[in-house]
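Asker: Heads up: the protein sequence lines correspond to chains A and B, in order. Numbering-wise (my numbering), the first sequence opens with residue 1 and increments by one. Numbering-wise (my numbering), the second sequence opens with residue 296 and increments by one.
There's no promise every hint is true.
Claimed, not checked - List time: in silico DMTMM-like cross-link candidates among lysine to aspartate or glutamate, alpha-carbon distance up to 20 Å: (1) B:K482 - B:D517; (2) B:K413 - B:E447; (3) B:K502 - A:D187; (4) B:K536 - A:E134; (5) B:K468 - A:E2; (6) B:K376 - A:D187; (7) B:K433 - B:E412; (8) B:K502 - B:D517; (9) B:K560 - A:E124; (10) B:K514 - A:E2; (11) B:K468 - B:E455; (12) B:K536 - A:E264; (13) B:K494 - A:E264; (14) B:K560 - A:D270; (15) B:K433 - B:E590; (16) B:K494 - B:D478; (17) B:K583 - B:D612; (18) B:K536 - A:D270; (19) B:K624 - B:E646; (20) B:K502 - A:E264; (21) B:K502 - A:D270; (22) B:K514 - A:E264.
It should be emphasised that the hints constitute simulated quantities derived from the structure, not laboratory data.
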Amino acid sequence: MELTFFLQQMINGVALGSLYGLIAIGYTMVYGIIRLINFAHGDVMMMGCYFAYFGILMFSLPWWASFAVALLLTAALGVLMDKGAYLPVRNAPRISALITAIGVSFLLENLGLVVFGGRPKGFETPDMFNEVYEVAGLMFPALVLWTPLLTLAILGIILLIIYRTKTGRAMRCISHDMETTKLMGVDVNRIISITFAVGSAAAAAGGIMWAMRYPEINPLMGIIPGFKAFVAAVLGGIGNITGAMLGGLLLGIAEILLVALMPELAGYRDAVAFGLLILILLFRPTGLMGTKLPD
Amino acid sequence: MKMKHVLVAFMVLGLAFTMPAPAFSQAKSDTIRIGAFLPMTGGVAAYGQGSWQGIQAAREMKPTILGKKVELFLADDKSDKIEAANAVTRLVEKEKVIAIIGSSISGNTMAGAPIAEKAGVPIISPTATNPLVTQGKKYIFRVCFIDPFQGEMAAKYAFETLKKRKAALIIDKAQDYCVGLADFFEKSFTKLGGQIVAKTYCQTGDKDFTAQLSAIKAKNPDVLYMPNYYTEVALAMKQAKDLGLNLPVLSGDGAQDKALIDIGKQYVEGLMLTGHFEKEAASTPLAKKFIPLYEKKYGKVGTFDVMGADAYFVLADAIERAKSTDGAKIRAALASTKNFKGISGTMTIGEDGNAIKSLVIVQVRGGDFRYVATVEPAGAAPEPKKAAPKKK
């Protein structure tokens with residue numbers, strides 16, 4: 001009984017953690033390349049959920065088509081965000097870009113409230129993701145299996161883009177030195193837009209998986225997952241994409257185990273997540289997998 | 296998030312200073328100014344949205360009080376206690392309202408109450424059920440029953456009607472409502488001879504309950520009492536089924552919003568709850584007049600819509616009996632509300648600010664809330680009745 005209980009809780013933890021990881025990948029990728037903490041990442045994720053929701057409900061697309069459209073639209077939103085908000089402050093001090101990101105986050109949240117309304121909506125989860133498998137007394141909801149797979153797939157795709165394509169090489173150059181990259185004849189703004197497109201699409205993928213597991217969507221739904229993903233990214237070493245996934249897993253498992261082993265402390269779940277952030281920043285600011293910054 | 300809040304606070308402060316001072320409102324206003332502070336956004340937005348529609352529909356039905364036009368002022372409390380206090384301050388100081396309707400949940404109403412109490416502006420809450428909301432307060436009222444009653448009735452229903460003996464609880468520690476209701480349930484259930492085998496906690500805004508539910512499953516209870524708000528109940532019921540935890544679930548009035556079914560879909564089938572109102576059981580003349588009018592404009596009527604409207608009607612009745620817009624006189628009139636036939640039933644409000652009225656037991660069946668039974672305030676254990684056969 002005890003073992004089953006523990007294993008079930010581990011499954012629960014991996015399920016939650018891989019969602020955090022999935023959202024964190026896009027977060028950390030954008031940071032890794034342009035050194036911008038995109039506070040609007042969680043809200044971009046929220047927009048992705050609404051795109052998918054309306055795709056299924058209003059245009060009665062099959063779920064896979066709707067998800068694909070949502071990814072594309074969210075990627076487009078990422079580019080728009082970059083062109084509209086971040087490009088004008090590209091050469092300003094980093095803090096300006098950070099504040100702009102907070103502004104974009106508010107803009108998206110309140111735009112969502114005006115356009116979609118504050119009333120929460122139920123997300124339509126395709127049947128195949130609602131299946132539950134039972135193995136030796138342990139329950140495996142289909143999403144628990146799909147989410148880590150998707151996370152790995154997206155991780156693979158992003159690593160492939162960064163390390164195996166010309167665009168990716170340009171991204172890596174920008175992360176080292178934007179000015180010099182510009183001098184080499186690289187269209188820096190285009191590359192950064194692509195970075196935002198990829199990061200936002202990853203956010204949408206994370207959001208859709210999130211919405212299928214917790215089928216309630218509202219315009220403020222991105223705030224907490226956004227922060228948790230940020231913690232996961234820092235935990236894994238911000239800028240390190242593989243680290244973000246591991247950080248997410250660790251955070252998810254830590255949260256679940258806290259509630260499972262110390263039910264009285266369940267109310268402090270978020271406090272533990274953010275406490276972890278503080279500890280990491282104090283004792284290992286580069287995270288678990290991060291390398292020391294050159295400067 | 297905190298950093299964001301501080302930033303916003305500064306921005307708002309900046310705006311406030313640059314704005315011209317508001318024009319002084321005339322001492323003798325030619326309209327009746329009624330405020331409402333409700334959660335229009337955030338975690339429990341569905342309550343506020345519903346109640347606000349109900350209030351507006353009620354005003355359409357009764358647009359004048361004491362021969363003057365009623366003006367409504369809405370302030371969004373964003374499902375947040377601090378925002379609730381701000382909203383009441385705004386209504387009292389800037390909008391100069393004579394009375395306030397709100398808020399939907401106990402915690403927020405309690406946060407706003409001291410401000411109105413100090414200003415002598417009566418608050419009447421549609422659905423804040425925690426006993427502490429009105430306790431020791433002169434100007435705070437409600438048109439709903441209180442939690443000791445619904446907690447006890449839920450326990451009795453679980454023990455006597457469903458014949459369950461081992462209950463598990465999930466309690467949201469951040470909500471006075473959930474903590475109180477779970478406590479009243481526990482007391483009654485153990486007094487009847489039942490046992491609480493698992494007590495787990497969560498926090499408002501949690502989406503994942505798998506850790507709590509797995510712990511509950513390990514204790515093998517035969518009924519789950521989850522007096523949380525609709526989102527939490529819906530998500531937890533889905534996750535319970537995913538974890539193979541199949542048992543009857545009971546909840547409180549907070550679960551009875553159609554958002555519960557939108558979110559929980561097939562997973563919330565069978566949920567039973569103690570509620571304020573169910574359309575199938577509506578019988579008062581006011582209900583017969585209000586419901587068709589409401590539904591023509593807003594679609595199917597829900598509990599929180601009706602409770603908002605009831606707060607408006609009770610307040611309008613009190614102002615008319617007081618024959619004045621003076622806060623103290625309205626308060627006295629509210630405290631002597633006798634057998635008011637509202638939409639949700641007949642209610643009597645006492646000096647303590649609480650409404651004495653019946654509750655309904657409701658079950659989710661076929662993707663809708665269905666009436667099961669009515670429980671009178673001093674009545675015995677609820678007996679399950681066949682749902683009234685009339686449809687629509």
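Asker: Going through the earlier hints one by one, which of them does the structure break, listed in rising order?
Answerer: Of the numbered hints, 2, 3, 5, 6, 8, 11, 12, 14, 15 and 18 do not hold.
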